[in-house]
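The hints should help you fit chain B onto chain A, whose structure is shown.
Chains as they are written, first to last, in our numbering: chain A, 64 to 129; chain B, -6 to 394.
Hints listed in this document are in silico derivations from the structure and should not be mistaken for laboratory results.
A virtual CB, placed ideally from N, CA and C, is assigned to each residue, including glycine.
Hints are not guaranteed to be accurate.
Distance ranges between label pairs, derived from CB positions [claimed, not checked]:
| no. | chain 1 | residue 1 | chain 2 | residue 2 | range |
| --- | --- | --- | --- | --- | --- |
| 1 | B | T106 | A | A110 | 38 to 46 Å |
| 2 | B | G192 | A | M72 | 26 to 34 Å |
| 3 | B | E49 | A | A110 | 26 to 34 Å |
| 4 | A | D73 | B | W303 | 38 to 46 Å |
| 5 | A | M72 | B | R135 | 32 to 40 Å |
| 6 | A | S107 | B | A271 | 27 to 35 Å |
| 7 | A | V99 | B | G192 | 32 to 40 Å |
| 8 | B | P108 | A | M72 | 45 to 53 Å |
| 9 | B | A169 | A | A129 | 50 to 58 Å |
| 10 | A | D93 | B | G137 | 37 to 45 Å |
| 11 | B | E61 | A | V99 | 30 to 38 Å |
| 12 | B | G137 | A | E102 | 48 to 56 Å |
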Amino acid sequence: MGWRVVVDMDLCESNAVCMAVLPEVFEVRDDDLLYVLDETPPDSMRAKAEEAVARCPKQAIAIVEA
Amino acid sequence: MLRRIAVVGASLAGWHAATTLRREGFDGELTVIGAEAEPPYDRPPLSKAFLATGDESKVVLAGVADRETLGITWRLGRRATALRLADRTVDLDDGSEVAFDGLVLAGGADVRTLPSLPVGDGVHALRTLADARALRADLDRRPGPVLVVGAGFIGAEVAATCRQSGRDVVLVEAAAVPLERAVGAEIGAVCAALHREHGVDLRLGTAVVGRDGPGAVTLDDGTTVDAAVVVVGVGVSPATGWLEGSGLAIADGVVCDGTGLAAPGVVAAGDIARWPNALFFGDSMRVEHWDNAIDMGAFVARRLLAGEDWDPAEVFAPVPWFWSDQYDRKLQMAGRATGADQMHIAGGTLEERRFVAMYGRAGRLVAAFGMNRPRHIVQSRGLIARGCPWDEARELAATWI
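The shape of chain A in the complex, shown without the other chains:
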């Protein structure tokens, strides 16, 4: 079973909390926008991805089972 990281860009306000939790996947750049570097991270990052979901102040991140 694969899983994907999905960010609702209409909700995202670039607080960059996700980047602090999982920089391999989330990057807020100097344009203040969030870039998802890897939409299908390895399972070893699953726990961190879930932490990013819980920590997003805008609840803009979701994990979708593929």
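Frame of chain A, contents of chain B only:
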């Protein structure tokens, strides 16, 4: 081995404590007591997106929809009235009692009000969803200027939200600049300018004297503000009244050790908890931020379950972090500027309203306040967490352009 855990407080800290207890394998009786009628919800939108739109989906917390599947007894709309520590019992306001052998105190804080401006008849405080609903309804019902008393984060956000919906706003602050204690006078002045640039009539160093009927609020400079709606945003106090005489140490919060333990089998988290933060020179802290409620709620749940087996070296020593959205600016702060002896601006300029203000204390980076610099606040947070020397932090920040 704990069999019965009671969580007093059904907001963010209590919710994260309860869900962490279950996730960590606690399968005994779990009771969550909440003074508000609502199941756990998200407070930050109350002064921003919810106030702007009235859309209650904005305050829904992820996972709360599944709250009935967690084997939790929810006692919502019930206030804890006394803690009988020796009996391991919490008394509730309906005369019932909840027995526990483990207790999480996560009851948050109560909004402060002003004797000169009693709530009611167009005067509001803003803490709960019920408060926010009432404020919104009144804003709809009463066109005209809004007076916001207190230019802290809630007051500033309410002022910004009201300006953005086209209301005239008068913002009154007793101090010489807003947020002086949190960010210092220089950055506080930038925050003041931000309000004025967005058309807020900001009155600094001014206090409210009283109110002459609806619509007329008298200030201590002798002027009167004609306001359709008044919002009092003068902070909160930890909700510890019911714990007086319980035997717990209370001093502007429930006094805990460095692990969040207030007494054997009793932990505290969120706005109500005071603890020494080892990362900040052991300063006694009480943190009212969203992020801390999550972090500390989860931490003390694990602490409670471990009991005597907890490694005392594992202390709760986070870098506090918060954000505040005002107008088109994102304000964020990591760390604590308390006791700072150095300050440096990086990553932009105050004039651009895009910068990071770095604060140093005893040769270390201890805080960073950013306006529209989320990336660098995240980086600063990491630097603060590892005790980055001040000079090194300044060098790193030289690349923030």
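Hints versus structure:
1. B:T106 <-> A:A110: 38 to 46 Å: 43 Å, holds
2. B:G192 <-> A:M72: 26 to 34 Å: 29 Å, holds
3. B:E49 <-> A:A110: 26 to 34 Å: 31 Å, holds
4. A:D73 <-> B:W303: 38 to 46 Å: 43 Å, holds
5. A:M72 <-> B:R135: 32 to 40 Å: Given about 36 Å between the Cβ atoms, the range holds.
6. A:S107 <-> B:A271: 27 to 35 Å: For B:A271 against A:S107, whose Cβ atoms are near 30 Å apart, the range 27 to 35 Å holds.
7. A:V99 <-> B:G192: 32 to 40 Å: Check passed, 37 Å falls within 32 to 40 Å.
8. B:P108 <-> A:M72: 45 to 53 Å: 47 Å, holds
9. B:A169 <-> A:A129: 50 to 58 Å: 56 Å, holds
10. A:D93 <-> B:G137: 37 to 45 Å: 42 Å, holds
11. B:E61 <-> A:V99: 30 to 38 Å: Holds, at about 33 Å.
12. B:G137 <-> A:E102: 48 to 56 Å: 49 Å, holds
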